[in-house]
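Asks: Listed below are the residues making up each chain.
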Amino acid sequence: MLIKLTGGAVYDPASGIDGAKQDIYIQDGRIVDKPTGDFQVDKEYDLKGKVVMSGAIDMHTHIGGGKGNIARTLLPEDHRADPVARTDITRSGCGHAMPSTFVTGYRYAEMGYTAGFEPAVLPINARQAHMEMADIPILDKGGYVLLGSDDYLLRMLTAKKDQKAINDYVAFTMQAAKAIGVKVVNPGGINAFKFNQRKLDLDEQNSHYGVTPREILKSLATAVKELGVTHPLHVHGCNLGVPGNMNTTLDTIQGIGGLPMHLTHIQFHSYGTEGDFKFSSGAAQIAEAVNKNKNITIDVGQILFGQTVTASGDNMRQHANHKHASPNKWVTMDIECDAGCGVVPFKYKDKNFVNALQWAIGLETFLLVDDPWRIFLTTDHPNGAPFTSYPHLIRLLMDRSFRNDVLSTIHPEAQKMTTLASIEREYSLQEIAIMTRAGAARLIGLQDRGGLSAGNWADITVYTDNADRQLMFEKPDYVFKDGELVVVDGKVVHTKWGTTHVVKPDFDASLEKDLQKYFDRFLTMKLGNFKISDDEITEDGRGSLTVHPLKGDVA
Amino acid sequence: MAEITEVPSPFCGIGTDDLIIQVDGVSLKVAENGCAVNSPAFEQAITDTRPRVDGKDVSLEAAVAKAAALLKNTNQPVIGGCATDVNGMRALLALADRSGAVVDNMNFTGARNNFLALQDSGWMNTTLAEVKNRCDLLLVVGVDLEGFSPRFFERYLWNKESMFMDDTAKREVIYLGKAPSGTASTSPDGQTALVFECANEDLPDVVAVLRALVKGNPIRVDSVGGIAVADLQAIADKLKAASYSVVTWAAGALAYSQAELTVQTLSEMVKEINDRNTRSSGLPLGGKEGDQTANQVCGWTTGYPARTRFSSGFPEYDPYLNDANFLLSNGEADALVWVQAFNVKAVPPVTALPTIVVGRSGMTFAKEPDVFIPVGTPGIDHVGHAYRMDNVVAIRLKKLRESGLPSTSDVLNAIEQAL
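These protein sequences, in sequence, are chains A and B.
Numbering of the first sequence is given in the numbering used here, commencing with residue 1 and proceeding in unit increments.
Numbering of the second sequence is given in the numbering used here, commencing with residue 1001 and proceeding in unit increments.
Next up, chain A with everything else stripped away, as it sits in the complex:
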């Protein structure tokens, strides 16, 4: 079947097209060039006056894995306020802060998103992450596997194993957990918490291993680069949420020595200690450092006001933050000599000074970082806010008067502590398309996604141009996934199953001998039972794996 999308204004940063009127042809799930000679269009959509982008990609969203399911179980009252009924084509479930898997897929698609990446896949919990993501319809998905507090790596670092050995272990873990990237959360800190350390600065030693976060970051960032994994090491830094942590973040940027590094939810790591409340914005200094260091990419982790739940691997910091839990209930776990997690419900309030300033810091960061290819639109769902708030966030970025109207309602002391009112920048449609599409696909290393030129998979979102950008991005006219029409007027009309994106870096098989010994001596599972097989993703007939090339691969 040949589908033609006629006359829309196309925003395709991957091809450098910025709002030009263009026709798009779709065949067999992919975008194709206009056929030559005589041809029959089977279905045509008139897109005059419409805005056409590729399907949006959320490069950091907690949509799969144990901590998310703990968050769900913890908050029945939140679900009760947002029940989602079954229809002829969709499953029932619940929404708001941590929606059920099916509702996650529907609501992302209804906002024009066609892919989401879980950033904290614990190796030992990777099965669960993939099983949950397998129950998210429509979206493509993938995960970044979490390393850096696992005892095996720390033992390697203590034993001064060479970089090649680290690379092998990272590659093995990526394959075993079916990952497309590598994440580190509070490097070594989750482990240190198990030894009763309650904080861990960048150069502070783990009390058992003597290893510092800086060393962990360097070895993992090097491994990711040397393995040729496109997505740079994905870093949730030290000291999340601690006033003054902007210095840690600046030091982290300097300390990585030019290696590619992605700093995630940087808003939570951009705090100073100025002012009467000893809490201030470090966004300007952070943005300056990001602008200067081209090896650095970031996503923001914007907070938006309202009830949500924070779910993180960082049990050290989550334990410290539990006194802010609202409602007052929380969970932390130490997990399998592998990592940990912490789940703390939060209610961000615009009349709370700290929350209000957090909101402003996130927006300052968006507006002060120059290059939209190196900054990504996230709320660290659900930690800063549920993903369903993205259209509102886009309006805040694109509409200065709206932004300033909201600014004028937040805690007055916070208004005095932010430069936001004076920042004139408004994001363009093309910049939004870069942050949420082309840039994200490039950052993760997704082949044939995030663009609208021939050869790309036909993940396409069509909006009606509207000065109210929130309304515009809330309700796309059409969303196509792999060429199939899945959403019309902001409602799911058809469902399908997306693929799981992975990379498969090579490793020296002799590593498994040592790992097997380690598993038998210290862990609770046989190495052979730990590795996730391809079958586990595909055997139900819905899932599939898409393996992306590594840097240096010959196409």
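It should be emphasised that the hints constitute simulated quantities derived from the structure, not laboratory data.
Think of the CB as a built atom: it goes at the ideal place given N, C-alpha and C, for glycine as much as any other residue.
Certain hints may be false.
Anything over 10 Å on all C-beta distances counts as not near chain A; from chain B, calculated [unchecked claim]:
#, residue
1, E1032
2, K1215
3, R1220
4, A1255
With a cut-off of at most 20 Å between alpha-carbon atoms, the simulated PhoX-like pairs for lysine-lysine come out as follows [claimed, not checked]:
#, chain 1, residue 1, chain 2, residue 2
5, A, K504, A, K164
6, B, K1399, B, K1029
7, A, K517, B, K1160
8, B, K1271, A, K199
9, A, K21, A, K43
10, A, K160, A, K517
11, B, K1399, A, K526
12, A, K48, A, K21
13, A, K491, A, K475
14, A, K513, A, K164
15, A, K225, A, K294
16, A, K278, A, K351
17, A, K513, A, K161
18, A, K161, A, K225
19, B, K1271, A, K329
20, A, K526, B, K1160
21, A, K347, A, K329
22, B, K1215, A, K323
23, B, K1398, A, K526
24, B, K1398, A, K531
25, B, K1240, B, K1170
26, A, K323, B, K1271
27, A, K531, B, K1399
28, A, K475, A, K48
Following the hints, position chain B against chain A.
Replies: Below, chain B alone, put in the same frame as chain A:
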């Protein structure tokens, strides 16, 4: 005859995956690393291979059609048991969503003690590998741990090596409430566990006093539930002195009214120990025959644990009102689907209502159900996934033999399609 190694068990809850099983046709023998829970569960013979309707052998298609016909005109079907693997639960929830059923895991009334505590105040918990490598003091509350999991001590406490302890035999074990039924808790160098017994119904008082002592609150009695306060003070001191104490309980063993308050007291006590400059963690026991699996899959599919109804078109959780036994006995239900792929002894409650059993081959009934569809067991007859007690690790179950029995998900998907 074939021998299969590194076989994971869905039966014991602690994720043993070192079983060696001999397969001879469709009969299995646990050759190594069996235990009183796992060996009989693996070795259970296949009896029925054909579905029955009204006691007569029929084809699978006919049985599925009959099941769908029985469900078609119901107003409030109940799906009980819910003892299967991840794919089985996926299919079960799809069927419940379509038919407006109530879903209720058969062990939920026990598990409720944990869920109510979790949903009210939360907890700080750990997993088995952390126990194996870090635990220097294990406090076992209200449960005979080795009766629950025969190999717990061998695998996770008396392991020869640990990463952070020079000598695992130096670990200390304290029982509060129930006494151990055997000697598994005795350390390799002969140190027996400290045991402080009390009646089940005294546990709330005993645990409350222990928590108070951890916090340093004065206690004005000399004994509680027959246990000297001085002994509880000694336990409190040990908990505060340990580097990584672990407090374990089995929600289902706390078989008294409002036992969720006991779980909450223990969990809050663990949190408080962590505020006293050391580490401590809870470790709820469970995970047998798919109970964690049911709650996990129901959790991500609906947002709620596996005592949830779909009769309004969307999921509604009620840990009391959605109790299958309650609905059956007070006439609110009008059909029962019983799903139990693990345990032939876990038969459905007897009811006059139309009953469909999707059960492990070998199940026998006091009253023949309207439809019985024998299914394979996850981890024996087909591959699958099951959650371990610590709720983090999903084990990959193996297929050990070719029995021709359908899986739970095959059968439930077919019934859903037929609707």
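Asks: Of the numbered hints stated earlier in the document, which are not met by this structure?
Replies: Those not satisfied: there are none.
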